[in-house]
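Asks: What follows is each chain in one-letter form.
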Amino acid sequence: MIALILYYIGIVLCFIGAVFFILGGIGLIRMPDVYNRMQASTKTTTLGLMSIVLGVGLMQPGWLLKAIIIIVFIALTAPVGASAMARAAYKSGVPLWEGTKIDQCEGEPCKRGVKKE
Amino acid sequence: MMDILFFTLISLLAIATFLALYRLIRGPSAADRMVALDAITNVTAGLLILIAFLSGRFIYVDVTLVFAILSFVGLIVVARYLEGGL
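Just so you know, the protein sequences line up as chains Y and H, in that order. All residue numbers for the first sequence refer to our numbering, where the first residue is 1 and numbers rise by one. All residue numbers for the second sequence refer to our numbering, where the first residue is 1 and numbers rise by one.
Be a bit skeptical, because a hint or two may be false.
Simulated DEER-style distance windows between Cβ atoms [said to hold, decoys possible]:
hint, chain 1, residue 1, chain 2, residue 2, range
1, H, PHE58, Y, SER83, 30 to 36 Å
2, Y, LEU64, H, PHE7, 21 to 27 Å
3, H, MET2, Y, MET1, 16 to 22 Å
4, Y, THR100, H, GLY84, 20 to 26 Å
5, H, PHE7, Y, ILE102, 28 to 34 Å
6, Y, TRP97, H, GLY84, 21 to 27 Å
7, Y, THR100, H, GLY56, 48 to 54 Å
8, Y, ILE71, H, ILE59, 17 to 23 Å
9, H, VAL63, Y, VAL12, 21 to 27 Å
10, Y, PRO95, H, GLY56, 45 to 51 Å
11, H, GLY74, Y, ILE5, 35 to 41 Å
12, H, LEU21, Y, GLU106, 32 to 38 Å
13, H, ILE4, Y, ASP103, 48 to 54 Å
14, H, LEU5, Y, LEU96, 40 to 46 Å
Source of the hints: derived by calculation from the structure; they are not laboratory data. Idealized CB from N, CA, C, for every residue including glycine.
Looking at chain Y on its own, in the form it has when it is part of the complex (with noise of 0.2 Å):
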């Protein structure tokens, strides 16, 4: 009886992951520029994936373990990877959306092209 529910449980969760996937994908579609972009994809993706590994570790409950470290494992690099991925946007050059209201890291050091001294 416990198996069968937390078996449902975990059907649901895999189908809130497979939106989630779905809304990361059409926000890389439809924002204007990279930096809203990345936005929209990166956490919607992190947290479509970390609920499929936890769906699919209450379907089968002799994976539970294995699957926590994944998702450990993807809580821990997710944020990692985004805020490089920005720092490398940004510093490659790529155009801010006419939009911006405000951009805090003009005339900084980590402008583009200019160096740290």
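Once you have looked at the hints, place chain H on chain Y.
Replies: Chain H alone, transformed into the frame defined by chain Y:
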């Protein structure tokens, strides 16, 4: 019943892959392609663990973990290359 459910699930993941593939092909800059590739690797990891469940083999979960580690390392390398530090 369960077959239709998992077929729908994998079809949703395929649709998400194609949505990201559009941005990977048509991205105006290299950073757009990098972001799209990161989304595709995440979708692929989810697909791998679904395949692990459907085939019932525990070894594919390890494959998913190694794939996640390697995609992270590759993403860091590409980001360092784009910002000129490599």
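Asks: The structure should be examined with respect to each hint, and the outcome stated for every one.
Replies: Structure-based check of all given hints:
Separation of PHE58 (chain H) from SER83 (chain Y) is about 33 Å and conforms to the stated range, judged on CB atoms against 30 to 36 Å. Taken as a hint, the range 21 to 27 Å holds for the pair LEU64 (chain Y) and PHE7 (chain H), whose Cβ atoms sit roughly 25 Å apart. With their beta carbons about 18 Å apart, MET2 (chain H) and MET1 (chain Y) fall inside the hinted range of 16 to 22 Å. THR100 (chain Y) and GLY84 (chain H) have their C-beta atoms about 23 Å apart, which keeps the hinted 20 to 26 Å range intact.
PHE7 (chain H) and ILE102 (chain Y) have their C-beta atoms about 47 Å apart, which leaves the hinted 28 to 34 Å range violated. Distance hint for TRP97 (chain Y) and GLY84 (chain H): a CB-CB separation of about 23 Å, consistent with the stated range 21 to 27 Å. For the hinted restraint 48 to 54 Å between THR100 (chain Y) and GLY56 (chain H), the CB-CB distance of approximately 50 Å keeps it satisfied. For the pair ILE71 (chain Y) and ILE59 (chain H), the supplied restraint of 17 to 23 Å holds, since their beta-carbon distance comes to about 19 Å.
Between VAL63 (chain H) and VAL12 (chain Y) the C-beta distance comes to about 25 Å, which sits within the given range of 21 to 27 Å. At about 50 Å, the CB distance of PRO95 (chain Y) to GLY56 (chain H) agrees with the hint of 45 to 51 Å. Between GLY74 (chain H) and ILE5 (chain Y) the CB atoms are about 39 Å apart, so this pair conforms to the stated range of 35 to 41 Å. As the Cβ distance of LEU21 (chain H) to GLU106 (chain Y) is approximately 34 Å, the hint placing it in 32 to 38 Å holds.
At about 50 Å, the CB distance of ILE4 (chain H) to ASP103 (chain Y) agrees with the hint of 48 to 54 Å. Taken as a hint, the range 40 to 46 Å holds for the pair LEU5 (chain H) and LEU96 (chain Y), whose Cβ atoms sit roughly 43 Å apart.
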